[in-house]
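A.B. asks: Since chain B is already given, all that's left is putting chain H on it; use the hints.
The listed protein sequences derive, respectively, from chains B and H.
The letter at position 404 of the first sequence is residue 404 when you use this note's numbering, and the numbering goes up by one with no holes.
The letter at position 278 of the second sequence is residue 1278 when you use this note's numbering, and the numbering goes up by one with no holes.
By construction, these hints were calculated from the structure, which means they are not laboratory data.
Errors might be hidden in some of the hints.
Below, simulated DSBU-like cross-link-like pairs (lysine-lysine); rule was C-alpha separation at most 30 Å, straight line [said to hold, decoys possible]:
no.: 1; chain 1: B; residue 1: Lys9; chain 2: H; residue 2: Lys1015
no.: 2; chain 1: H; residue 1: Lys1212; chain 2: H; residue 2: Lys1223
no.: 3; chain 1: B; residue 1: Lys9; chain 2: H; residue 2: Lys1043
no.: 4; chain 1: H; residue 1: Lys1119; chain 2: B; residue 2: Lys37
no.: 5; chain 1: H; residue 1: Lys1252; chain 2: B; residue 2: Lys104
no.: 6; chain 1: H; residue 1: Lys1043; chain 2: B; residue 2: Lys397
no.: 7; chain 1: B; residue 1: Lys290; chain 2: H; residue 2: Lys1043
no.: 8; chain 1: H; residue 1: Lys1043; chain 2: H; residue 2: Lys1184
no.: 9; chain 1: B; residue 1: Lys290; chain 2: H; residue 2: Lys1184
no.: 10; chain 1: H; residue 1: Lys1248; chain 2: B; residue 2: Lys251
no.: 11; chain 1: B; residue 1: Lys251; chain 2: B; residue 2: Lys412
no.: 12; chain 1: B; residue 1: Lys104; chain 2: H; residue 2: Lys1249
no.: 13; chain 1: H; residue 1: Lys1007; chain 2: B; residue 2: Lys13
no.: 14; chain 1: B; residue 1: Lys412; chain 2: B; residue 2: Lys402
no.: 15; chain 1: B; residue 1: Lys412; chain 2: H; residue 2: Lys1254
no.: 16; chain 1: H; residue 1: Lys1322; chain 2: H; residue 2: Lys1297
no.: 17; chain 1: B; residue 1: Lys104; chain 2: H; residue 2: Lys1276
no.: 18; chain 1: B; residue 1: Lys13; chain 2: B; residue 2: Lys397
no.: 19; chain 1: B; residue 1: Lys412; chain 2: H; residue 2: Lys1297
no.: 20; chain 1: B; residue 1: Lys412; chain 2: H; residue 2: Lys1212
no.: 21; chain 1: H; residue 1: Lys1125; chain 2: B; residue 2: Lys37
no.: 22; chain 1: H; residue 1: Lys1249; chain 2: B; residue 2: Lys13
no.: 23; chain 1: H; residue 1: Lys1125; chain 2: B; residue 2: Lys40
no.: 24; chain 1: B; residue 1: Lys42; chain 2: H; residue 2: Lys1254
no.: 25; chain 1: B; residue 1: Lys13; chain 2: H; residue 2: Lys1015
no.: 26; chain 1: B; residue 1: Lys412; chain 2: H; residue 2: Lys1248
no.: 27; chain 1: B; residue 1: Lys40; chain 2: H; residue 2: Lys1276
no.: 28; chain 1: H; residue 1: Lys1184; chain 2: H; residue 2: Lys1321
no.: 29; chain 1: B; residue 1: Lys325; chain 2: H; residue 2: Lys1015
no.: 30; chain 1: B; residue 1: Lys104; chain 2: H; residue 2: Lys1248
no.: 31; chain 1: H; residue 1: Lys1184; chain 2: H; residue 2: Lys1113
Listed next, with one range per pair, are the computed distances between beta-carbon atoms [unchecked claim]:
no.: 32; chain 1: B; residue 1: Asp44; chain 2: H; residue 2: Ala1383; range: 34 to 40 Å
no.: 33; chain 1: H; residue 1: Lys1321; chain 2: B; residue 2: Met424; range: 52 to 58 Å
no.: 34; chain 1: B; residue 1: Arg279; chain 2: H; residue 2: Lys1212; range: 51 to 57 Å
Every residue gets a Cβ at the ideal spot worked out from N, C-alpha and C, and that includes glycine.
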Amino acid sequence: MTFQPPGPKVPQKELNYQELRIYTDEELRNPSDEEMKQFKIKHDIPLLEQLESGPWPSFVADMKVEAWRRRKLADDRMFAPREMVEDLLGQVEISLVHGETHWKHGGIVGVSGYGGGVIGRYSDVPEQFPGVAHFHTIRVNQTGGKFYKTDHLRALCDLWELRGSGILNMHGSTGDIIFLGTITEQLEPIFQEMAHHLSQDLGGSGSNLRTPSDCIGKARCEFALYDTQEMCYEITMAFQDELHRPMFPYKFKVKFDGCPNGCVASIARSDMAVIGTWRDNIRIDQEAVKAYIAGEIPPNAGAFKGRDWGKFDIQAEVIDRCPTKCMALDGGKLVINDKECVRCMHCINTMPRALRPGTATGVSLLFGAKAPILEGAQMAVLGVPFMEVEPPYDNVKEILSKVFEWWDEHGKMRERLGELIQRMGLQRFCEAIGLPVAPQMVWRPRANPYVFWKEEEVPGGFKRDIDDYRTRHAR
Amino acid sequence: MGLSSTKFGVYNPEKPNENRITDIGPRYYWDFFPPVIQRNYGKWLYHEILEPGVLVHVSETGEKVYTVRVAGMRTMTVALMREACDIADKYCDGYLRFTTRNNIEFLVTDEAKLEALKKDLQSRKFYSGSYKFPIGGTGASITNIVHTQGYVHCHTPATDASTMVKAVMDELFDYFTGMTLPAKVRVSMACCLNMCGAVHCSDIAMLGYHRKPPAIDHDYVAKLCEIPTVVVSCPMAAISPAQTPDGKKTVKIKEERCMFCGNCYTMCPALPLSDKEGDGVVILAGGKLSNRITEPKFSKVVVAYLPNNFPRFPEVCATVKKIVEVYAQGAQKHERLGDWIERIGWERFFEKTGIPFTEHLIDDYRLAYDTYRTSTLFRYTDAAWAVSKAAGGIK
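The shape of chain B in the complex, shown without the other chains (with noise of 0.2 Å):
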């Protein structure tokens, strides 16, 4: 029987791209190979243009064949300045000549009741470049796993082509749509247009949750240890005030991936990252397991053929490679001691076919990730090892509200969760959430005493008496 999931939490509207479209056929007909060899923008772009051969795709060639566009369309069929895509090209050029960029410091703009979603951007030459006088960002928020229907793409394209530069990143790295180059009379229209028609709404930027995102989970990888797409939504629902209304020390990312593989680096990126993993046992086919000894299935999903590596060594490639060295053959028989299984997953990831997860899942959570702005990089610490969980996740939920609450309180201004923990110490974020300490949480206990005892764990406190000190030594 097919999964059924929980549902939108809004209505969605149905999308027709015939019935949203604004351009005709014609109007959005690429240029042949000939015309675009006759087509020269306006500035001359000498750097630039040596990009646009090679055999990896050329943005150059990308930005040429929309500007040409830009040159044949009505001007009652774009609210954008026309040249948007010609003056990007010949600032980057400049840019890349004086080694500078060229865009000024910010610029506050955005849609009214929001407080992120829109990043301000001005040209610092816009006498030279003035269809990117103003340029700014419009972050949109990416549906769960990264899947479209051709309808909503088309409709997006159409609604950026007509208000803003047609320009846009597939994805951000914090894993929205974002919409590259606008002025801001068409914000607004950009956002109510989108909201009305497509059912859609942006995502975060500044201090505030940014955009979650997820891996591709259950639909289509069978190492999905929890529903990512499911509990992306739902938490990105729950906190929508939190998305778009800044009223955090900081930015705060959380990220859900799968498996411990991690593919959307939860563990490098998120100040929550959600990761899937299982206590019981790795299950075993032995059959499977023969025919990867015997050569009959490619190890690693086939992930080696490029090269001739030789014959498949489950000893040397699988056994002694065990973080743990908890797996041993018996007899051609392949054992697990799951009790000393790290769930690495490297022997799963070399034989999919023979080993899967167990079936006990849910995640651990780990806090604290961020890039190296402003203390050194930091990688998440494991906070809860396991944690069921079930639509609506409201387990997470609450241990996400509690960390608000704790960094909200004592975070300073631009302080990342990850730079509060190191401040104040682990075991004071565990004790603001409610989690006892484990060993699991640190490499190894600290190598230094200076422990910062609390008055009330010694006995008689910390009130001392001089007098009675004086009464055994003399001074």
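C.D. replies: Okay, now just chain H, sitting in the frame of chain B:
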């Protein structure tokens, strides 16, 4: 109802709150899944990479789905996006997806369609000859470089992103379309230390970096910035309040303390750092994100500075390629770049790659001592003999 083609659409500037819709979040993911994904959600048994860029996933229901992965450009236009939609409409019933590393994936259930799809994708080229949708990026390969905005949209970069990524991927193209490496190699790129690309856990990272302290726009510091905020923004406490000769409030900077992080510029537009001679590229290596075999680890600085040699960055390309080639030759199967380096030792890494070990590579920030080798366990290389000679220990 169609999208509006009037200037303001459904938005009424006279009554901005009229019929306003907010807080609706993203589209519900389920509605964008192809039927085969809906039918097999959570039921996948295993997958196999049939050839570089082509995967098959097999479900416990017996159904199969084939995926063709192609390189995407993070920065693209609606022209290329519509072309990707044309392909998805023709072969994939109007569905497609993007990966976290900016690739595009086309899913089909019919093996016959798979061949036609592959052929179509490989045939599409820009007028200038570049592929539009090259197939690859699976298994023991180098897949797409995640990157930042650079000169296309950012006010703080120390280099450009799109140009460097294009130049480097042209060089590494055979590693994208093949699966010849000992393990996957993740290459990432960020234009400055803010690292919106979070490259700090990549096998190979390319990072833009400033090398000159901020220029101080004295007449504007007080107008544009809150001076106390700027002072505390500096992690090295190098900034203090000051006055100009004509009595304006400004700041002064102890230049020898500056580590060029740019945090002050984030707080104050009157303190720009970018500079043609100062800015360049740092190369880091040996990081990883996955928990496979060993724990996730940070990338380490292996080249402190390479010039911003636009637009093709020959020095960056040569360094990255050299690291990949030496790794490909020396590492064992399944061994990530960082695990290989830890096995052979960093001294051997510098010997094998020929990358000079300079004093810039020795940490002198917080917790630096933890990176100093407090042991007699080391391997001899020419670098060690040079120290011995300098110390008068050998002739």
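A.B. asks: Could you run down the list of hints and mark each one as holding or not?
C.D. replies: Each hint, compared with the structure:
1. Lys9(B) - Lys1015(H): holds, 27 Å
2. Lys1212(H) - Lys1223(H): With Cα atoms ~23 Å apart, Lys1212(H) and Lys1223(H) stay inside 30 Å; holds.
3. Lys9(B) - Lys1043(H): holds, 25 Å
4. Lys1119(H) - Lys37(B): holds, 25 Å
5. Lys1252(H) - Lys104(B): Between Lys1252(H) and Lys104(B) the Cα gap is close to 23 Å, so the pair holds against 30 Å.
6. Lys1043(H) - Lys397(B): holds, 27 Å
7. Lys290(B) - Lys1043(H): It holds: about 24 Å lies between the C-alpha atoms, which stays within 30 Å.
8. Lys1043(H) - Lys1184(H): Holds: Lys1043(H) and Lys1184(H) sit about 26 Å apart, inside 30 Å.
9. Lys290(B) - Lys1184(H): Given that 30 Å is the threshold and the Cα spacing comes to 26 Å, the pair holds.
10. Lys1248(H) - Lys251(B): Status violated; Cα separation ~34 Å.
11. Lys251(B) - Lys412(B): holds, 12 Å
12. Lys104(B) - Lys1249(H): Roughly 23 Å separates the two Cα atoms, so the pair holds.
13. Lys1007(H) - Lys13(B): holds, 22 Å
14. Lys412(B) - Lys402(B): Holds, at roughly 17 Å.
15. Lys412(B) - Lys1254(H): With a Cα-Cα distance of about 25 Å, the restraint between Lys412(B) and Lys1254(H) holds, given a limit of 30 Å.
16. Lys1322(H) - Lys1297(H): holds, 22 Å
17. Lys104(B) - Lys1276(H): holds, 17 Å
18. Lys13(B) - Lys397(B): It holds: about 28 Å lies between the C-alpha atoms, which stays within 30 Å.
19. Lys412(B) - Lys1297(H): holds, 28 Å
20. Lys412(B) - Lys1212(H): Roughly 28 Å between the alpha carbons, so the hint for Lys412(B) and Lys1212(H) holds.
21. Lys1125(H) - Lys37(B): holds, 14 Å
22. Lys1249(H) - Lys13(B): violated, 55 Å
23. Lys1125(H) - Lys40(B): holds, 19 Å
24. Lys42(B) - Lys1254(H): violated, 45 Å
25. Lys13(B) - Lys1015(H): holds, 24 Å
26. Lys412(B) - Lys1248(H): holds, 29 Å
27. Lys40(B) - Lys1276(H): Judged against 30 Å, a Cα distance of about 28 Å means the pair holds.
28. Lys1184(H) - Lys1321(H): holds, 15 Å
29. Lys325(B) - Lys1015(H): violated, 68 Å
30. Lys104(B) - Lys1248(H): This hinted pair holds, its Cα atoms lying about 23 Å apart.
31. Lys1184(H) - Lys1113(H): holds, 29 Å
32. Asp44(B) - Ala1383(H): 34 to 40 Å: violated, 47 Å
33. Lys1321(H) - Met424(B): 52 to 58 Å: violated, 45 Å
34. Arg279(B) - Lys1212(H): 51 to 57 Å: holds, 53 Å
Hint compliance for this structure: hints 10, 22, 24, 29, 32 and 33 are broken, all remaining hints hold.
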